[in-house]
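Engineer: If you read the protein sequences in the order shown, they are chains A and B. Its first residue numbered 2, the first sequence is counted upward by one per residue in the numbering used here. Its first residue numbered 2, the second sequence is counted upward by one per residue in the numbering used here.
Careful: at least some of the hints might be erroneous.
Intra- or inter-copy, both count: the list cannot distinguish identical chains.
Each computed BS3-like pair below joins lysine-lysine, with the alpha-carbon atoms no more than 25 Å apart [said to hold, decoys possible]: (1) K73 x K5; (2) K61 x K5; (3) K5 x K38; (4) K73 x K38; (5) K61 x K37; (6) K38 x K61; (7) K37 x K73.
Because the hints were derived from the structure by calculation, they are not lab data.
Protein chains: 2
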Amino acid sequence: MLVKRNETEARQILPGVNRRILNHGGKLMMTEFVFKKDTDVGVHSHPHEQISCLIRGSGKFHLRGIDTIIEKGDSVYIPPDVPHGFIALEDGATMIDAFTPPREDFL
Amino acid sequence: MLVKRNETEARQILPGVNRRILNHGGKLMMTEFVFKKDTDVGVHSHPHEQISCLIRGSGKFHLRGIDTIIEKGDSVYIPPDVPHGFIALEDGATMIDAFTPPREDFL
Numbered sequence: 002m003l004v005k006r007n008e009t010e011a012r013q014i015l016p017g018v019n020r021r022i023l024n025h026g027g028k029l030m031m032t033e034f035v036f037k038k039d040t041d042v043g044v045h046s047h048p049h050e051q052i053s054c055l056i057r058g059s060g061k062f063h064l065r066g067i068d069t070i071i072e073k074g075d076s077v078y079i080p081p082d083v084p085h086g087f088i089a090l091e092d093g094a095t096m097i098d099a100f101t102p103p104r105e106d107f108l
Numbered sequence: 002m003l004v005k006r007n008e009t010e011a012r013q014i015l016p017g018v019n020r021r022i023l024n025h026g027g028k029l030m031m032t033e034f035v036f037k038k039d040t041d042v043g044v045h046s047h048p049h050e051q052i053s054c055l056i057r058g059s060g061k062f063h064l065r066g067i068d069t070i071i072e073k074g075d076s077v078y079i080p081p082d083v084p085h086g087f088i089a090l091e092d093g094a095t096m097i098d099a100f101t102p103p104r105e106d107f108l
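Generate coordinates for the entire structure from the input sequences, incorporating the hints supplied.
Structural biologist: Structure, rendered in structure tokens:
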């Protein structure tokens with residue numbers, strides 16, 4: 002299914018954090034998160050596998066207890082149930098996430 | 002696994018088309034394709050599910066026999082074995098693709 006961006010809706014999930022479901026189907030979902038500077042999604046985990054790629058800005062990514070500064074083009078693979086989190090270091094930091102299976106909790 | 006962009010390598014797969022594996026693990030892979038204007042990847046299919054999101058530029062996406070102009074932020078879910086293709090309409094058009102399972106043929 003082809004989805005135009007203007008058919009999607011950004012939803013504020015935390016102050017300064019907007020989530021947009023770009024597309025989903027079958028066993029895949031792709032989302033976009035846009036952050037204000039210093040917003041922190043908090044360390045969390047879920048059974049879904051995830052790859053996150055930062056396409057704009059910079060931030061601090063937490064994975065398995067280690068914090069790493071990431072910049073545009075850096076990415077992270079997160080296996081099922083592994084704790085991870087992200088703190089944005091710039092306004093407009095933007096992450097593209099892929100999930101398998103889709104995050105039914107986002108729908 | 003966290004992967005810095007400068008640890009990844011762009012590979013020219015066709016004249017004017019560069020593919021970069023951003024990350025992969027378990028049942029997921031994320032790639033980036035960067036296109037020169039008028040490059041055409043050709044209609045093709047594969048058993049892997051795919052979501053493609055254009056993050057820069059514009060192009061013509063072919064899905065199940067229908068061509069649609071897509072722009073930055075537009076995306077496409079491609080079920081297994083469904084013919085699809087892309088023609089870039091701008092230099093630097095950039096697509097982020099997610100695949101499940103990973104494209105072993107890219108490794």
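Engineer: Which numbered hints does this structure break?
Structural biologist: none
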